[in-house]
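> Dock chain E with the ligands against chain F, hints included.
First to last, the protein sequences are chains F and E.
All residue numbers in the first sequence are consecutive under my numbering, ending with 363.
All residue numbers in the second sequence are consecutive under my numbering, ending with 721.
The hints are simulated quantities; they were obtained by calculation from the structure and are not laboratory data.
Among the clues, some could well be false.
[As the list claims (entries may be wrong)] Have a look at the derived ranges for each label pair, beta carbon to beta carbon:
{"id": "1", "chain 1": "E", "residue 1": "Ser357", "chain 2": "F", "residue 2": "Phe88", "range": "47 to 53 Å"}
{"id": "2", "chain 1": "E", "residue 1": "Thr158", "chain 2": "F", "residue 2": "Leu159", "range": "43 to 49 Å"}
{"id": "3", "chain 1": "E", "residue 1": "Lys650", "chain 2": "F", "residue 2": "Leu93", "range": "50 to 56 Å"}
{"id": "4", "chain 1": "F", "residue 1": "Gly210", "chain 2": "E", "residue 2": "Gly380", "range": "26 to 32 Å"}
{"id": "5", "chain 1": "E", "residue 1": "Ser198", "chain 2": "F", "residue 2": "Phe86", "range": "26 to 32 Å"}
{"id": "6", "chain 1": "E", "residue 1": "Ser357", "chain 2": "F", "residue 2": "Pro186", "range": "42 to 48 Å"}
{"id": "7", "chain 1": "E", "residue 1": "Gly325", "chain 2": "F", "residue 2": "Leu170", "range": "46 to 52 Å"}
{"id": "8", "chain 1": "E", "residue 1": "Leu468", "chain 2": "F", "residue 2": "Phe86", "range": "37 to 43 Å"}
{"id": "9", "chain 1": "F", "residue 1": "Gly167", "chain 2": "E", "residue 2": "Thr158", "range": "44 to 50 Å"}
{"id": "10", "chain 1": "E", "residue 1": "Gly570", "chain 2": "F", "residue 2": "Trp90", "range": "45 to 51 Å"}
{"id": "11", "chain 1": "E", "residue 1": "Phe443", "chain 2": "F", "residue 2": "Asp109", "range": "33 to 39 Å"}
{"id": "12", "chain 1": "F", "residue 1": "Phe88", "chain 2": "E", "residue 2": "His501", "range": "30 to 36 Å"}
{"id": "13", "chain 1": "E", "residue 1": "Leu382", "chain 2": "F", "residue 2": "Asp232", "range": "21 to 27 Å"}
{"id": "14", "chain 1": "F", "residue 1": "Val163", "chain 2": "E", "residue 2": "Gly380", "range": "51 to 57 Å"}
[Claimed, not checked] Pairs of lysine-lysine residues, derived as DSSO-like cross-links and limited to a Cα-Cα distance of at most 30 Å, are as follows:
{"id": "15", "chain 1": "F", "residue 1": "Lys135", "chain 2": "E", "residue 2": "Lys697"}
{"id": "16", "chain 1": "F", "residue 1": "Lys333", "chain 2": "F", "residue 2": "Lys214"}
{"id": "17", "chain 1": "E", "residue 1": "Lys618", "chain 2": "F", "residue 2": "Lys294"}
{"id": "18", "chain 1": "E", "residue 1": "Lys579", "chain 2": "F", "residue 2": "Lys143"}
{"id": "19", "chain 1": "E", "residue 1": "Lys571", "chain 2": "F", "residue 2": "Lys143"}
{"id": "20", "chain 1": "E", "residue 1": "Lys697", "chain 2": "F", "residue 2": "Lys143"}
{"id": "21", "chain 1": "E", "residue 1": "Lys579", "chain 2": "F", "residue 2": "Lys135"}
{"id": "22", "chain 1": "F", "residue 1": "Lys334", "chain 2": "F", "residue 2": "Lys236"}
{"id": "23", "chain 1": "F", "residue 1": "Lys143", "chain 2": "E", "residue 2": "Lys439"}
{"id": "24", "chain 1": "E", "residue 1": "Lys439", "chain 2": "F", "residue 2": "Lys135"}
{"id": "25", "chain 1": "E", "residue 1": "Lys154", "chain 2": "E", "residue 2": "Lys650"}
{"id": "26", "chain 1": "E", "residue 1": "Lys190", "chain 2": "E", "residue 2": "Lys618"}
{"id": "27", "chain 1": "E", "residue 1": "Lys497", "chain 2": "F", "residue 2": "Lys135"}
{"id": "28", "chain 1": "F", "residue 1": "Lys214", "chain 2": "F", "residue 2": "Lys251"}
{"id": "29", "chain 1": "E", "residue 1": "Lys618", "chain 2": "F", "residue 2": "Lys291"}
{"id": "30", "chain 1": "E", "residue 1": "Lys497", "chain 2": "F", "residue 2": "Lys143"}
{"id": "31", "chain 1": "F", "residue 1": "Lys105", "chain 2": "E", "residue 2": "Lys618"}
Beta carbons: idealized from backbone N, C-alpha and C, even for Gly.
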Amino acid sequence: MFDFSWNMLTYFPPGISTYSKALDDLFILVYWISVAIFLLVQITLVTFIFKYRTRPGHKSIYYHGNNVVEFIWTLAPTVLFAGLGLYSDEMWKVMKYSSRVPSPDVEIDVVGQAFNWHARYPGADGILGKRHARYRTAQNLFGIDPTDPKGKDDIVLTGEFNLPMNKNIVVHLSSVDVLHSYFLPNFRIKQDAVPGSWIDVWFNGTKAGKYELACAELCGSGHYAMRGVLNLQSDADFAVWMDAKNAAKKAVLAAEAANPQAAAPVPAAPVAAEHGSSH
Amino acid sequence: MSAVATHLEQGHAATHDAHAHHDHAHHSVSFIRKYIFSTDHKQIAKQFLTSSLFFLLVGGAFALFIRWQIAYPGEPIPVVGKWLPDTLVSSGAVQPGFYTQLVTMHATVMIFFVIIPMATGAFANFCIPLMIGTDDMAMPTINMISFWLVPVAGLTIMSGFFVEGGTAAAGWTNYPPLSASGTGHMLWVIGIFLVGFSSILGGMNYLATVLNKRAKGMRMFDLPLTVWALFITSVLQVLGTPVLASAASLLFVDQVFHAGIFIPENLLTPTGGLFPSGANVGSGGGGQPVLFQHLFWFYSHPAVYIMILPIMGVVSDVLATFARKAIFGYKAMVFAVMAIAFLGFVVWGHHMFLSGMSPLLGTTFMLSTIVIAVPSSIKIFNWLGTIWKGNIHFTTPNLNALGFISTFVCGGLSGVFMAIGPIDVYIHDTYFIVAHIHYVLFGGALFGIFAGIYYWYPKMFGKMYNETLGKFHFALTFITFNLCFFPMHMIGVGGHMRRIHDPYVYEFLKPFQPINQFITIFAILMGFSQLILIFNFLWSLKFGRPAPRNPWRANTLEWAAPAHPGHGNFDRDITVYRGPYEFASPESKRDYLPQWIRPAHIEKEEVVAAEKH
Ligand code: HEM
Ligand SMILES: [Cu+2]
Ligand SMILES: [Cu+2]
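Chain F extracted, bound-state conformation (with noise of 0.2 Å):
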């Protein structure tokens, strides 16, 4: 009904990040080692059943066991086990530890409501505005600062993104709802969106695109659905896009410093003093 095959890696989607490669070839490791102690398992299970069964004639021994031997079965694993944790802990830091990000060339933040990716581009000035969850509306989900002038531009998208190649891109996670799994099979990463805390993310993707971005965390009855696209691009491609992105953006703002009115009302940024007395 479908092809089987000894090598897991098969069964991968293609690995198109920096450290994909490395994650492919750890899992692999892991993989070949756990072969290897389930065959000898399974062998010796199997053995011992057959030369070991009950016939006319065949007995059992009397014995409770053996200290050395117990120390070694005991030492083996350990040893084993512990290197092969001290030496996966090389991977973790690569893409966790936050001393190992590399800088960042591309910065966005992301957040998952339920069932959209959206994420927030810096705009013309190339820098993300500033953000607080208490702006946070249905219309303003990053809850950008509404008086930080660097936040005016800031494009917001949902479902599909545009990134370049070849860039280290840290992605700045949350969620406005409830959990959601920021999850891209091909770059090898995932990474719970939670709300109410901002995580770091980073990938360099190597390879130009369309890839999947799935949401990996139960988040309700749509969550199934929970999809987006990547768009990995050339440096030029990725600059023709965001250029035009830019330039409907400054579009809509000259259109609303025309008209005021037509502007969405922003919120009062309540005053630190409330903050403590309100509640």
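Frame of chain F; chain E with the ligands shown alone:
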């Protein structure tokens, strides 16, 4: 034989007599006391067993709905689809909302109402008093309450299907904020709180019983491994479950009073409104959803050992008996269980590698988790050592125990992949996890549970089960199990997320549909194979051959009790003279030497006592 025995047997016959001729009122009272609100540990064990088998069928049915949908999305569920209400299905096919309820209820039922009650309810109740040679639990009434909380909790959770918005649908892990609203989630929380108390009460009782009620001469290191495992599991239950109860209570406070403990500032609801929360707009802080995950896993990781340790004990006893050989490294086995239990409390973070916790903490959880594979390996090696140079009998319980070893290895090894943080980044929340869970909980715990059910069936019901049907059940289950769950590793590494209603929304998952269909076919076959167990169970109750006192020629104390022990268990005084695994001992001409045989009487008494029916 002894005067005591004769006396008891006469007493028994007399009650029987009285029973038959008594007036109705008296009869109904004794019926209720005997079968419903019984305080006899054996009756309570049977109640746990029956309720767990019932829930096993319910949970299994949920699983088949899930499998159907994921293999043939949008197609009506065969046979039952047309009976389900429109709120759950559309023209017979599972709706997305129903799907999330199904995955939630499947796992909730299987974990909290099948495996845990089976392992720590049915086996603990049946085995502990009999195996330590006493008449009942230390606290029989508490024991009774501990059972009755289970159906009450089960009904509470199940009633969610009939409330507005449906039953809980946030996964068995029930993470807020998703679980912080809705009546179904509230019922889930109440049910879990209740079933948790069942666990705590049971655990306390088992601890007290093992510590205080062991037969004369029985030291801790004379306990069979089943009792040791249950004893240590009870420690986990007593220390871990209150934390689950606290997580549930705090979530309840959030659901009902909007305390905002797990709800961060200014959270939106799925409809775009603001989430009602005490810590709402304008506050500086707000709640922390990840706190719930810490509390939940602080219990639920130890809970996976609550589900497996007793079963490891059962498997050890079954293997030794049918290999006619002592456990290899009895003390090492005990210490390994203790090590697993201890380490079990310091590894919970491996479920949260992606929760955004400090990566440094991730490193420590990664190392502690991977170290827990060591005691697990020790157990595997010692089981292999136990059957080495044995004289292996392939009875149904032993086939299941051997099957347990085979599948548990696979589950343990897949655990190692996930213990490694960077690999877990990729496979977390995919079918790889689903494969792991089922290799340890179905392949491990459930095969061990089957082994235990068959092994103690004669003592529980005084009848022998049908061996041919038993073997048939094992063979079918073992084959279909592996064909069903092994391919899940493959789609898991393919990136296939868990808990998704229709995978084929994603291009990269479309090629996996044939594998999903393959899995589903074997899931269905596996599900129906369980009917053989149920049939064998019920048929043998009535038509089974009467069981002898010690059908397996085993050494532990439960086999000293009459074939179908009544209230009070033993018809003779029990004194323990040796460890539980004296198989093929040079002291005796036979290949076993029960714990209760007096050294002076080895030749004489063992014939009388061990084989008298
Ligand atoms: C060698 C020993 C084991 C190791 C190293 C191990 C490791 C892990 C890890 C790291 C996870 C988290 C994976 C993730 O969510 O990404 C996990 C999940 C799980 N494990 Fe194990 N495990 C082991 C044995 C067991 C046993 C014996 C059981 C049960 C009897 C068990 C039951 C589970 C369950 C139910 C989950 C999934 C929880 C969920 O729904 O997310 N594991 N295991
Ligand atoms: Cu989701
Ligand atoms: Cu765990």
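> Compare the structure with each hint and give your call.
How the hints compare with the structure:
1. E:Ser357 to F:Phe88: 47 to 53 Å: holds (48 Å)
2. E:Thr158 to F:Leu159: 43 to 49 Å: Since E:Thr158 and F:Leu159 have Cβ atoms about 45 Å apart, the given range 43 to 49 Å holds.
3. E:Lys650 to F:Leu93: 50 to 56 Å: With Cβ atoms ~54 Å apart, the hint holds.
4. F:Gly210 to E:Gly380: 26 to 32 Å: Given a distance of about 31 Å, which is inside 26 to 32 Å, the answer is holds.
5. E:Ser198 to F:Phe86: 26 to 32 Å: This hint holds: roughly 29 Å between Cβ atoms.
6. E:Ser357 to F:Pro186: 42 to 48 Å: Given range 42 to 48 Å: holds, Cβ gap about 44 Å.
7. E:Gly325 to F:Leu170: 46 to 52 Å: Once the Cβ atoms are compared, 48 Å apart, the range 46 to 52 Å for F:Leu170 and E:Gly325 holds.
8. E:Leu468 to F:Phe86: 37 to 43 Å: The hinted range 37 to 43 Å holds for E:Leu468 and F:Phe86, with Cβ atoms some 41 Å apart.
9. F:Gly167 to E:Thr158: 44 to 50 Å: For E:Thr158 against F:Gly167, whose Cβ atoms are near 48 Å apart, the range 44 to 50 Å holds.
10. E:Gly570 to F:Trp90: 45 to 51 Å: The hinted range 45 to 51 Å holds for E:Gly570 and F:Trp90, with Cβ atoms some 49 Å apart.
11. E:Phe443 to F:Asp109: 33 to 39 Å: Holds, at about 36 Å.
12. F:Phe88 to E:His501: 30 to 36 Å: Holds, since F:Phe88 and E:His501 (Cβ atoms, about 35 Å apart) stay within the stated range.
13. E:Leu382 to F:Asp232: 21 to 27 Å: Holds - the Cβ-Cβ distance for E:Leu382 and F:Asp232, about 23 Å, lies within 21 to 27 Å.
14. F:Val163 to E:Gly380: 51 to 57 Å: holds (55 Å)
15. F:Lys135 to E:Lys697: holds (24 Å)
16. F:Lys333 to F:Lys214: holds (18 Å)
17. E:Lys618 to F:Lys294: holds (16 Å)
18. E:Lys579 to F:Lys143: holds (24 Å)
19. E:Lys571 to F:Lys143: holds (28 Å)
20. E:Lys697 to F:Lys143: holds (12 Å)
21. E:Lys579 to F:Lys135: Holds - the C-alpha atoms of F:Lys135 and E:Lys579 are around 20 Å apart, at most 30 Å.
22. F:Lys334 to F:Lys236: holds (10 Å)
23. F:Lys143 to E:Lys439: Satisfied, since the Cα-Cα distance of roughly 24 Å is no more than 30 Å.
24. E:Lys439 to F:Lys135: holds (26 Å)
25. E:Lys154 to E:Lys650: Holds, at roughly 16 Å.
26. E:Lys190 to E:Lys618: holds (28 Å)
27. E:Lys497 to F:Lys135: Roughly 8 Å separates the two Cα atoms, so the pair holds.
28. F:Lys214 to F:Lys251: holds (24 Å)
29. E:Lys618 to F:Lys291: Answer holds: E:Lys618 to F:Lys291 is near 22 Å, not above 30 Å.
30. E:Lys497 to F:Lys143: With Cα atoms ~8 Å apart, E:Lys497 and F:Lys143 stay inside 30 Å; holds.
31. F:Lys105 to E:Lys618: holds (24 Å)
Every hint, counting from the list given before, is met by this structure.
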